[in-house]
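From just these sequences and the hints, can you work out the full model?
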Amino acid sequence: MSVLVDKNSKVVVQGFTGNEGTFHASQMIEYGTDVIGGVTPGKGGQMHLSRPVFNTVQDAVNDAGANVSIIFVPPAFAADAIMEAAEAGIKVIVCITEGIPTKDMIKVKEYLRGKDTRLIGPNCPGVITPGEAKVGIMPGFIHKPGRVGLVSRSGTLTYEAVDQLTKAGLGETTAIGIGGDPIIGTTTKDAIELLMGDPKTEGIVMIGEIGGTMEADAARWIKKHGTKPVVGFIAGATAPKGRTMGHAGAIIGGKDDTAEAKKQIMRECGIHVVDSLGDIGKKMTELLK
Amino acid sequence: MNLHEHQGKLILKKYGVTVPDGSIAESPEKAMEFAKVLQERTGTDKWAVKAQIHAGGRGKGGGVKIAKSLDEVSKFADQMIGMMLITPQTSAKGKLVRKVLIEQNIYYPGKSDVREFYMSFLLNRKTGRNMIIYSPRGGMDIEKVAEETPDQIFTEEIDPKFGLLDFQARKISFNLGLSGEAYKRMVVFVKALEIAYNESDASLFEINPVIKAADDKIYAADCKVTIDNNALFRHPDILELRDLAEEDPMEVEASRYDLNFVKLDGNVGCMVNGAGLAMATMDMIKMSGGEPANFLDVGGSANPKRVEEAFRIILKDPNVKAIFVNIFGGIVRCDRVAQGIVDAYNNIGVINIPIIVRLQGTNAEEGKELIDNSGLKVHSAIALEDAARLVNEVLK
Numbered sequence: 004m005s006v007l008v009d010k011n012s013k014v015v016v017q018g019f020t021g022n023e024g025t026f027h028a029s030q031m032i033e034y035g036t037d038v039i040g041g042v043t044p045g046k047g048g049q050m051h052l053s054r055p056v057f058n059t060v061q062d063a064v065n066d067a068g069a070n071v072s073i074i075f076v077p078p079a080f081a082a083d084a085i086m087e088a089a090e091a092g093i094k095v096i097v098c099i100t101e102g103i104p105t106k107d108m109i110k111v112k113e114y115l116r117g118k119d120t121r122l123i124g125p126n127c128p129g130v131i132t133p134g135e136a137k138v139g140i141m142p143g144f145i146h147k148p149g150r151v152g153l154v155s156r157s158g159t160l161t162y163e164a165v166d167q168l169t170k171a172g173l174g175e176t177t178a179i180g181i182g183g184d185p186i187i188g189t190t191t192k193d194a195i196e197l198l199m200g201d202p203k204t205e206g207i208v209m210i211g212e213i214g215g216t217m218e219a220d221a222a223r224w225i226k227k228h229g230t231k232p233v234v235g236f237i238a239g240a241t242a243p244k245g246r247t248m249g250h251a252g253a254i255i256g257g258k259d260d261t262a263e264a265k266k267q268i269m270r271e272c273g274i275h276v277v278d279s280l281g282d283i284g285k286k287m288t289e290l291l292k
Numbered sequence: 010m011n012l013h014e015h016q017g018k019l020i021l022k023k024y025g026v027t028v029p030d031g032s033i034a035e036s037p038e039k040a041m042e043f044a045k046v047l048q049e050r051t052g053t054d055k056w057a058v059k060a061q062i063h064a065g066g067r068g069k070g071g072g073v074k075i076a077k078s079l080d081e082v083s084k085f086a087d088q089m090i091g092m093m094l095i096t097p098q099t100s101a102k103g104k105l106v107r108k109v110l111i112e113q114n115i116y117y118p119g120k121s122d123v124r125e126f127y128m129s130f131l132l133n134r135k136t137g138r139n140m141i142i143y144s145p146r147g148g149m150d151i152e153k154v155a156e157e158t159p160d161q162i163f164t165e166e167i168d169p170k171f172g173l174l175d176f177q178a179r180k181i182s183f184n185l186g187l188s189g190e191a192y193k194r195m196v197v198f199v200k201a202l203e204i205a206y207n208e209s210d211a212s213l214f215e216i217n218p219v220i221k222a223a224d225d226k227i228y229a230a231d232c233k234v235t236i237d238n239n240a241l242f243r244h245p246d247i248l249e250l251r252d253l254a255e256e257d258p259m260e261v262e263a264s265r266y267d268l269n270f271v272k273l274d275g276n277v278g279c280m281v282n283g284a285g286l287a288m289a290t291m292d293m294i295k296m297s298g299g300e301p302a303n304f305l306d307v308g309g310s311a312n313p314k315r316v317e318e319a320f321r322i323i324l325k326d327p328n329v330k331a332i333f334v335n336i337f338g339g340i341v342r343c344d345r346v347a348q349g350i351v352d353a354y355n356n357i358g359v360i361n362i363p364i365i366v367r368l369q370g371t372n373a374e375e376g377k378e379l380i381d382n383s384g385l386k387v388h389s390a391i392a393l394e395d396a397a398r399l400v401n402e403v404l405k
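Protein chains in written order, with my numbering: chain S, 4 to 292; chain F, 10 to 405.
Don't take every hint at face value.
Unchecked claim - One side of the interface only, derived from the structure: several residues of chain F facing chain S at Cβ under 10 Å:
1. G148
2. E152
3. K153
4. E157
5. N282
6. M293
Stated by the list, open to error - Computed list of lysine to any residue pairs in SDA-like fashion (alpha-carbon distance at most 25 Å, straight line):
7. F:K330 with F:P258
8. S:K244 with F:D252
9. F:K295 with S:A264
10. F:K377 with S:A264
In short, the hints are calculated from the structure, not lab data. None of the values given here were measured: they were computed from a predicted structure. Ideal Cβ placement from N, Cα and C applies to all residues, glycine included.
See the structure below:
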């Protein structure tokens with residue numbers, strides 16, 4: 004078991020023939036992901052990376068049975084790409100694109116309300132179930148099938164944690180990069196819920212950062228419903244107030260979205276918070292003994 | 010992107026939000042000239058003189074004054090232009106005032122009392138919708154109001170399908186305690202604000218205070234406007250309003266090379282791939298006994314050209330006593346990043362401060378070897394603990 008993506012995922016790549024799309028699609032194929040083809044409007048009927056190009060997501064669903072989409076479309080058109088995928092009945096949409104205007108994402112959020120579609124991202128590294136499917140831009144080889152699920156707002160921080168878990172011999176079930184934007188499809192709490200419900204996941208690593216209340220919301224949910232040990236890490240203790248730190252969503256507005264406040268509430272909710280990034284693997288090893 | 014008060018007011022005005030009549034001046038002479046024009050146009054006999062910098066709390070530092078005569082307009086403008094204005098939101102050094110805004114006085118006498126309200130538009134991240142926060146207690150720090158009298162803070166969420174509805178605008182006006190003509194005007198005011206916010210792709214409107222004048226007119230007396238950076242591509246007119254003089258010169262230069270850089274006051278510079286890891290690296294510097302001098306995300310590809318530019322920018326800061334490069338090689342191989350660092354080092358020439366390079370991930374060992382054999386005075390590490398220890402050692 005795993006969550007979101009597995010060996011049965013049939014992945015369509017939106018923005019297939021662009022630079023990013025081409026590069027990462029070939030990386031995903033190399034990893035063993037079942038990439039059924041891609042969408043580039045106007046290039047339908049062509050072949051790319053030995054796979055068919057479709058004009059619409061609907062065609063990819065109808066003709067090739069796509070059920071997962073990954074989006075590499077430029078920011079100005081990415082919101083539309085998400086909505087197109089949802090309309091075509093794609094169940095899991097992973098949006099890698101960084102820099103989508105907030106106004107567009109407000110519209111997307113509204114569009115997805117009530118639809119049976121899960122959006123991951125935008126501005127995220129994607130999702131990987133080691134050994135089964137890589138739907139993202141993460142380096143595949145650092146992952147090993149195993150026991151720990153991860154949720155994170157940051158790409159490279161996830162890789163750090165994965166690397167430690169792999170080296171500690173624990174391995175991962177599914178690693179979910181939820182993205183660094185103010186509006187994202189799947190929150191920390193949503194991802195934690197999925198991983199808590201996955202029988203194969205024995206422990207969870209939750210990586211957050213300054214800005215917003217997602218970590219606090221997830222922590223409160225864990226306190227009530229948690230059944231597995233959770234190791235937490237929050238980046239940005241030294242970030243100044245009111246400045247955006249790379250991720251559009253990483254900005255301290257009030258006193259509740261500082262790293263300290265988040266860690267405090269996570270500790271109160273029984274999460275094993277580590278202050279040093281290097282301690283994530285060690286802590287999880289201790290807990291899963 | 011942050012706008013000056015006078016720029017924000019131009020956007021508001023464009024969408025029908027009432028703002029005080031005013032003009033920008035770069036000299037006391039111009040200020041006085043405009044003040045005369047304003048007197049003819051509006052009949053005002055007092056003028057607001059407001060320093061234009063990108064920081065709030067200007068009044069506390071002497072950056073907002075009411076002039077009772079034309080001579081005072083000139084005097085206040087003269088005092089403000091060229092001053093380093095220190096407010097609770099600036100650094101201890103303050104910010105150089107280059108321009109002042111001269112406005113008609115809107116606290117004029119009339120049949121009713123003047124009242125001050127608070128109103129802001131922003132994203133509610135929890136729901137993914139925009140909302141309006143407002144309070145009948147305006148003109149003061151809203152965080153303080155929220156602490157002292159939380160019952161005096163109201164919110165109204167905007168359904169993106171329908172926009173702000175009439176009944177919501179009416180509710181706001183009632184909650185602010187208005188009636189009659191002022192009540193009607195507030196409804197119009199709020200609805201115009203919402204359109205301005207939406208059309209300009211703003212991420213923040215903070216109008217503090219909103220004034221109900223003695224003749225029941227409603228004015229945006231002040232405004233803080235922030236535009237969503239990700240949406241600037243569709244607002245070339247707003248992008249033109251960017252005031253580089255208000256930004257840190259190092260940040261301006263970094264933005265030219267597409268580097269995500271935030272200047273801080275510490276002594277250890279850092280260069281990292283990925284925003285989350287960059288923040289975590291700053292925290293690590295602090296735990297190792299240093300203070301981060303910057304936030305810098307060189308991006309996923311961390312290519313040699315960007316690495317070199319990043320070095321050059323960090324080295325411009327005289328406070329920097331060491332540089333910590335922290336790269337997690339994913340799809341980018343560490344040996345290539347290491348080569349970039351060695352090349353950058355050689356191109357720049359003499360670097361007199363210690364550099365700690367920690368490479369992890371793809372080909373980390375090869376990268377470390379490359380750096381260790383380069384003959385450069387660079388400390389290399391693979392484990393985070395080792396890197397932290399090295400940072401601590403070089404600071405001693």
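Hint by hint, here is what the structure shows:
| no. | hint | in the structure |
| --- | --- | --- |
| 1 | G148 | violated, 20 Å |
| 2 | E152 | holds, 7 Å |
| 3 | K153 | violated, 12 Å |
| 4 | E157 | violated, 15 Å |
| 5 | N282 | holds, 6 Å |
| 6 | M293 | holds, 7 Å |
| 7 | F:K330 with F:P258 | holds, 20 Å |
| 8 | S:K244 with F:D252 | holds, 21 Å |
| 9 | F:K295 with S:A264 | holds, 18 Å |
| 10 | F:K377 with S:A264 | violated, 37 Å |
In summary, the structure is inconsistent with hints 1, 3, 4, 10 from the numbered list given earlier, while agreeing with the others.
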